[in-house]
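A.B. asks: In order, the protein sequences belong to chains A and B. Just so you know, the first sequence maps onto residues 1 to 407 in the working numbering. Just so you know, the second sequence maps onto residues 1 to 263 in the working numbering.
One or more hints might be untrue.
Coverage of chain B stretches by chain A, computed from C-beta distances (three or more under 8 Å per stretch; other residues unrestricted) [unchecked claim]:
id	stretch
1	71-78
2	127-136
Some chain A residues near chain B, calculated using beta-carbon distances under 8 Å [claimed, not checked]:
id	residue
3	P3
4	F4
5	V5
6	A16
7	K18
8	G22
9	E310
10	I313
11	A316
12	M317
13	A319
14	D323
FYI, nobody ran anything at the bench for these hints, they're computed from the structure. Heads up, the beta-carbon is just placed ideally off N, CA and C, and yes, glycines get one too.
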Amino acid sequence: MSPFVIITTALASLGASKLRTGLALLGIVIGVAAVISTMSVGRGAEQSITERIEALGTNLLFVRPTNTGPLSASTLTIVDGEALLDPLLTPSIVAQAPEVSTSGVVVAGRENTFAQIVGVTPEYEFVRSYSVSSGQFITNEQVVTRDEVAVLGSEVAETLFGFRDPVGQTLRISGRQFRVTGVLESRGGTALGNLDGQILVPITTAYYRLSSQRTTQGGIAVQAINVQVEGIDSMDKAIQEVTTSLRLRHRITDDDDFTITSQEETIETLTETQETFALFLGAIAGISLFVGGIGIMNIMMVSVTERTREIGIRKAMGAKWRDILLQFVSEATLLSLGGGIAGAVLGVVLARLMDGREIIGQNFETAVSGDITILALAVAAAIGLFFGIYPAARAANLHPIEALRYE
Amino acid sequence: MVVGEVSLVASAAVVVNNMSEDQAMIELSDVTKVYNIGTIDVHALDGVSMSIHRGEMVAIMGASGSGKSTLMNVLGCLDVPSSGRYMLDGLEVGALSGNQLAEIRNRKIGFVFQTYNLLPRLTAQANVELPLLYGAGNDRKRRASEALDRVGLSDRMNHKPTELSGGQQQRVGIARALVKDPSILLADEPTGNLDSRSSAEIMEILMELNRDEGRTVIIVTHEPEIAAQAPRVITMRDGVIVSDGPPETLGQGATAAAGEAQQ
Numbered sequence: 001m002s003p004f005v006i007i008t009t010a011l012a013s014l015g016a017s018k019l020r021t022g023l024a025l026l027g028i029v030i031g032v033a034a035v036i037s038t039m040s041v042g043r044g045a046e047q048s049i050t051e052r053i054e055a056l057g058t059n060l061l062f063v064r065p066t067n068t069g070p071l072s073a074s075t076l077t078i079v080d081g082e083a084l085l086d087p088l089l090t091p092s093i094v095a096q097a098p099e100v101s102t103s104g105v106v107v108a109g110r111e112n113t114f115a116q117i118v119g120v121t122p123e124y125e126f127v128r129s130y131s132v133s134s135g136q137f138i139t140n141e142q143v144v145t146r147d148e149v150a151v152l153g154s155e156v157a158e159t160l161f162g163f164r165d166p167v168g169q170t171l172r173i174s175g176r177q178f179r180v181t182g183v184l185e186s187r188g189g190t191a192l193g194n195l196d197g198q199i200l201v202p203i204t205t206a207y208y209r210l211s212s213q214r215t216t217q218g219g220i221a222v223q224a225i226n227v228q229v230e231g232i233d234s235m236d237k238a239i240q241e242v243t244t245s246l247r248l249r250h251r252i253t254d255d256d257d258f259t260i261t262s263q264e265e266t267i268e269t270l271t272e273t274q275e276t277f278a279l280f281l282g283a284i285a286g287i288s289l290f291v292g293g294i295g296i297m298n299i300m301m302v303s304v305t306e307r308t309r310e311i312g313i314r315k316a317m318g319a320k321w322r323d324i325l326l327q328f329v330s331e332a333t334l335l336s337l338g339g340g341i342a343g344a345v346l347g348v349v350l351a352r353l354m355d356g357r358e359i360i361g362q363n364f365e366t367a368v369s370g371d372i373t374i375l376a377l378a379v380a381a382a383i384g385l386f387f388g389i390y391p392a393a394r395a396a397n398l399h400p401i402e403a404l405r406y407e
Numbered sequence: 001m002v003v004g005e006v007s008l009v010a011s012a013a014v015v016v017n018n019m020s021e022d023q024a025m026i027e028l029s030d031v032t033k034v035y036n037i038g039t040i041d042v043h044a045l046d047g048v049s050m051s052i053h054r055g056e057m058v059a060i061m062g063a064s065g066s067g068k069s070t071l072m073n074v075l076g077c078l079d080v081p082s083s084g085r086y087m088l089d090g091l092e093v094g095a096l097s098g099n100q101l102a103e104i105r106n107r108k109i110g111f112v113f114q115t116y117n118l119l120p121r122l123t124a125q126a127n128v129e130l131p132l133l134y135g136a137g138n139d140r141k142r143r144a145s146e147a148l149d150r151v152g153l154s155d156r157m158n159h160k161p162t163e164l165s166g167g168q169q170q171r172v173g174i175a176r177a178l179v180k181d182p183s184i185l186l187a188d189e190p191t192g193n194l195d196s197r198s199s200a201e202i203m204e205i206l207m208e209l210n211r212d213e214g215r216t217v218i219i220v221t222h223e224p225e226i227a228a229q230a231p232r233v234i235t236m237r238d239g240v241i242v243s244d245g246p247p248e249t250l251g252q253g254a255t256a257a258a259g260e261a262q263q
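One chain only, chain A, in its complex shape (with noise of 0.2 Å):
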């Protein structure tokens, strides 16, 4: 039999029961549209975390102070930082911007919102890739007066004073009065935190005047130094480096009393933690799918035993066991295959609604790839020829004079 004869004759028998054929068609759509439509969450998801922390600046290296319990003093202090910026010991640092940070409530007028309050010197802006929409960021002049100054995230911003510009407004952290000097530019996310919630002053203000603690060496403590590296291929080099300082530094013989985490290295925990979770969604879709191929197992039985005096007839005629097994498996395939192309179009569909939509509060960004839809057909496919094997060899196996006795 030609290709073609066999497919027209295998379109021709699943055209006669079309309400069997659309039910038996049904688990694989759904199988395969659930697949998509999980996997292109889970891709979107996956890709606005890496760009979002590519925004927030490449080259990164973030050096923590190591947590050895919640009494103990912070190891890490402002001076740490500067000395990053030393030309011998460690000419791959281009800038450092360190950090301290600490939560309370904010009050404007009427207005309070509990925010996270973040320290900084004026070189965080450019390290972290911080814009400002209005005002300015913080200056040095600031950071060395201690002024009581804020630049506010663009949420905190709108929530504090609505629609009114808050630059020159005032408003209290811990009952003190604090002055707005500028706001920053919209930067979403929820990879490291909301960044639009923050509220930056300067890092002496926010460590003396906001926070108590003190460091074995004095100095100002410091939760977060952020290391800006001359280039990405030198982020190696430049973990060794600051290491090598801070050893020396804090005369360590042993551990490390400090950790340093690499943008890479967060962008990588973090799409591992999605991937996990796209893994499993697309796991629960899979099995819908074959829970799906079964469906179609069961119609080709079903279909093969009433049929039985069809392939008597047939093999009467001179079919063959290689005509018979091919007229039913190709129908299983087509079938399962059809299921795939509707369920595909359907995914597409489902992931095109559910882009950039909030549902049940999570705010989802889905991106449909090809290799996705291709992979979920070839699936489909291989799921109906595999299915659909048992049920053909059953039909080809059958004797020729019981196939024709068969009522």
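Guided by the hints, dock chain B onto chain A, whose structure is given.
C.D. replies: Below, chain B without anything else, positioned relative to chain A:
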């Protein structure tokens, strides 16, 4: 598989060429067919020997259980003998595999069934095309319509079986059997489900095919008046042939068989 087909056909052709004109097309020698039903062996055919020549028209008669259906299955290459030799066109059928039997059925045998066995979803034309799907061949549409024309149904080509009368359906069945131009036309109770007028029509077509086109026609029936229309009648009972000859001898054979049974 293709290699097998070619060699099969080639060897058949060689043997056919070596045969003299009057050599038998079908030759059975001491053919038996035993079915196992549980622990009991049923001898459906118990040593059948006969030969049928090209261009003959033969009726095989017998009551149900006489073994005539089994004989037809063997003749039609739907089944192989348990023992004995069945030569079809110089080819030993007992030695063939299932796929080779399918090939023989496709090329050499045209079946006409009591219940027509048409595929209900297909039109008359598509039903007639069916044997052409399983073998090399193009021009399916033309050959199918020619075959339908031959049985006088060219105006019903696009009708489905349910839209045709019993007699018309059987004519579609005959057209389907003819479409591959087979050596043998095997009709199993072809008039069993038909009224007497349609029966006469069908018998007329079968006899015409034998008389005018020289086709070998074998009719299996339990009706003496149908069998009597064939020049040669083989009567079966209990898996053996009890009489073989022109229909005039039918009574004698039956009497002889009855006599045997009494002894």
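A.B. asks: Which numbered hints turn out to be false for this structure?
C.D. replies: 3, 4, 7, 8
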